[in-house]
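There are 2 protein chains.
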Amino acid sequence: MINFEEAYRKVMQHTLDLEAEAVGLLNSNGRTLAEDIVADRDFPPFDRSTKDGIVINYSALEKGVNRFKIEAVLSAGMPQTTLVDTANCMEIMTGAVIPENADTVIMYEQLTIKNDVATLSKKPTKGQDIHKKGSDVVTSSVLLKKGKRIGAAEIGVLASVGKSKVQVKRLPKVCVVSTGDELVDVDQVPLPHQIRKSNTLSLFAALQKEGIMAERLHLTDDRKVITVTLSNILKDYDVLLLSGGVSKGKFDFIPEVMELLGVQKVFHRVAQRPGKPFLFGKQEETNTVVFSFPGNPVSTFANYHIYFLPWLQKCLGLPQKEKEVLLEEPIRIKPPLTRFIQVMVQVKKGITWAKTIRENGSGDLTSLAYSDGFICLQPREAEYKKGEIVPFVATRN
Amino acid sequence: MINFEEAYRKVMQHTLDLEAEAVGLLNSNGRTLAEDIVADRDFPPFDRSTKDGIVINYSALEKGVNRFKIEAVLSAGMPQTTLVDTANCMEIMTGAVIPENADTVIMYEQLTIKNDVATLSKKPTKGQDIHKKGSDVVTSSVLLKKGKRIGAAEIGVLASVGKSKVQVKRLPKVCVVSTGDELVDVDQVPLPHQIRKSNTLSLFAALQKEGIMAERLHLTDDRKVITVTLSNILKDYDVLLLSGGVSKGKFDFIPEVMELLGVQKVFHRVAQRPGKPFLFGKQEETNTVVFSFPGNPVSTFANYHIYFLPWLQKCLGLPQKEKEVLLEEPIRIKPPLTRFIQVMVQVKKGITWAKTIRENGSGDLTSLAYSDGFICLQPREAEYKKGEIVPFVATRN
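As given, the protein sequences belong to chains A and B, one line each in that order. Take 7 as the starting number for the first sequence in my numbering and just add one per residue. Take 7 as the starting number for the second sequence in my numbering and just add one per residue.
Hints are not guaranteed to be accurate.
Given that identical chains are not distinguished, each listed pair holds provided it fits within a single copy or across any two copies.
To be verified - Under the rule of at most 27 Å between Cα atoms (straight-line distance), these lysine-lysine pairs were calculated in the DSS-like manner: (1) Lys129 <-> Lys256; (2) Lys139 <-> Lys282; (3) Lys256 <-> Lys128; (4) Lys139 <-> Lys179; (5) Lys129 <-> Lys354; (6) Lys256 <-> Lys327; (7) Lys327 <-> Lys179; (8) Lys392 <-> Lys327; (9) Lys128 <-> Lys329.
Derived from the structure by calculation, the hints contain no laboratory data.
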């Protein structure tokens, strides 16, 4: 048995190298950029009007002109034009190109128009209300760096520079496997000694949030069946997430089958609660990483968020965001196990507070629906005080 | 022009009544529960062993028995059995049903087994290591209340009680419409006076995160085309999200077309920056809500998160989570506009700090890719101080 920090470190040492793949722009939402995105042109690409009004050549004003004959109306989407006479003006709409020989925009609110002549009611400043070409970004600037997670804002940037295909990090192929003869399908009515599958569905939903469409599989507690099936699965998947069959029971075949299949055991059992009988390994030949979690719902759910998610983020090259919260009540943690305790969090005046929720042992599934994550507490002599800052593993968002 | 609070209140007064629909369990991820979920049986459904070891009848121990003949091995998934002789024991695995006439589990670590006889090395407590039937939840208890957002934890609960179909709130049918003759498709090389569409793609991606697959549409700045198209769109959609065409320009046809099509204007123009020329209305006959945002990227993005998202959450019956952050630097806000300022947030010791990012006017799209949201600052005489708590509109999870 190893301690939590060591287990975490070992998991993070076994990341996979996920190569890049091209996806369509709208399919890149939620994925991780695998290329730097550069500006293909200046932004804005031309001097553009930021107001609706007229556009003039400021020198006319300096020569004493205050009434401007309107030559034309310019709207966004029209090619650049030229004033025939720089003593005249053109009406111009937001987003339109400033004429070659004009330099100042005056909005409607600061002029009157009568018989196609605009009269200024307020003296403008030279160059006002123009968004200058390249003032946001010049051609070839890096707009988004590789390793950034793509969201709605990034989609907008990618669209602006014409990335209808985007290079993103490939997601790992994951197979979620449950074991246990007591488990029946969700749509079945269980006999008194049976329960419905829930862990693999919960893991499937959690992976879905990461954009991963996992394969789901159930194995009966039969050494031969488990061996043959996992042998095939290892060949086809980057990651195996197993739930159950990893404790000390007579029918907990996973550890011996893993060994038989050449999965190198990195560790088995961690000094933590919940989630102690966690087996982590790697099959080097097939390059498959195996997370074998204990079968009870809270243990599986906790270890998925404690180990698998940070591991996935590291594989994708995303930054690890360590979170911390303040304790809303004192807690005492007796040695020797690191404890992960379910909490609800509440943000009050910019400060995130954690309140423990009723937990009825690690078999209580409903508690997860009321918690926002786990606080991580190391055992120690002194009581954890109210207001103390402790690490937090979020299980929502 | 109305102020921000009034605009917000009016938007929230025009929510839609979204009825319930049934979806398959795994499709319910991210959706909102439209029914209370009750336990169809006790949890656990039987007295179950929480350890691997043996199970005995404690009275035998009281009669002086310390060595127990093993009658059988019980594993999870086996129907309930009975000890033939209560002076004997059975081996039992985690998750297995406790025999009818047994009441205490002793784990392997506290006994030795030789020739099918188990000898205890430590005196157990009566009833230990048994997860009692119904101790988590009793039949008919409400496990999840309607109005809860479904995530991975809730999927686990729903699976446990056999909900292969779940009643969830219907999502609104949304059409995202851009206007502007300067806009070309993402895969096109724009002419010097043109730019690529980005707002509708950004909105599409934002809606996708809410589980909404929006329709996207582009309209040229032609009154007739806009009128005919929007007239049809109103009949088919619950929500229109428009970007552009709503300012004071000569080709900003949206306000007059809306009026023509019977969309009741709730307000047009809000005393805020960015996002001032926001038109909000409702077509009562078709029961369509119209959010018509100004065309620049930051304005559209800001108003989507400031108005549309809270509106959607209210329609779904989800709680409104008001967020607050602490200012990392002093800021002065001159009257009269409410300002929404882009910030990056950082959590340090459980406290969320906001730092403003370089913004180059509301046309600067790239800034959105580096911000986590907007702080909302009301204009006032006194400077906003470092460390002051201000409202925050998140644009990332």
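Outcome of the hint check:
Taking the shortest alpha-carbon separations for Lys129 and Lys256, only the inter-copy value of 23 Å comes in at or below 27 Å, while the best intra-copy value is 90 Å. In this homomeric assembly, Lys139 and Lys282 come within 27 Å of each other (Cα to Cα) only across copies, at 24 Å, whereas the closest approach inside a single copy is 60 Å. For the identical chains of this complex, Lys256 and Lys128 are inter-copy neighbours only, at 22 Å across copies versus 90 Å inside a copy, given an alpha-carbon limit of 27 Å. In this homomeric assembly, Lys139 and Lys179 never come within 27 Å of each other (Cα to Cα): the closest approach is 45 Å inside a single copy and 38 Å across copies.
In this assembly of identical chains, Lys129 and Lys354 lie within 27 Å of each other by CA distance neither inside one copy nor across copies; the values are 49 Å within and 49 Å between. Taking the shortest alpha-carbon separations for Lys256 and Lys327, neither the intra-copy value of 40 Å nor the inter-copy value of 48 Å comes in at or below 27 Å. Taking the shortest alpha-carbon separations for Lys327 and Lys179, only the intra-copy value of 24 Å comes in at or below 27 Å, while the best inter-copy value is 35 Å. Proximity of Lys392 and Lys327 under a CA criterion of 27 Å is satisfied in both settings, with 24 Å inside one chain copy and 24 Å between copies.
Within a single copy, Lys128 and Lys329 get their C-alpha atoms no closer than 54 Å, and across copies no closer than 42 Å, so neither meets the 27 Å cut-off.
Hints 4, 5, 6, 9 from the earlier list are contradicted by this structure; the remaining hints agree with it.
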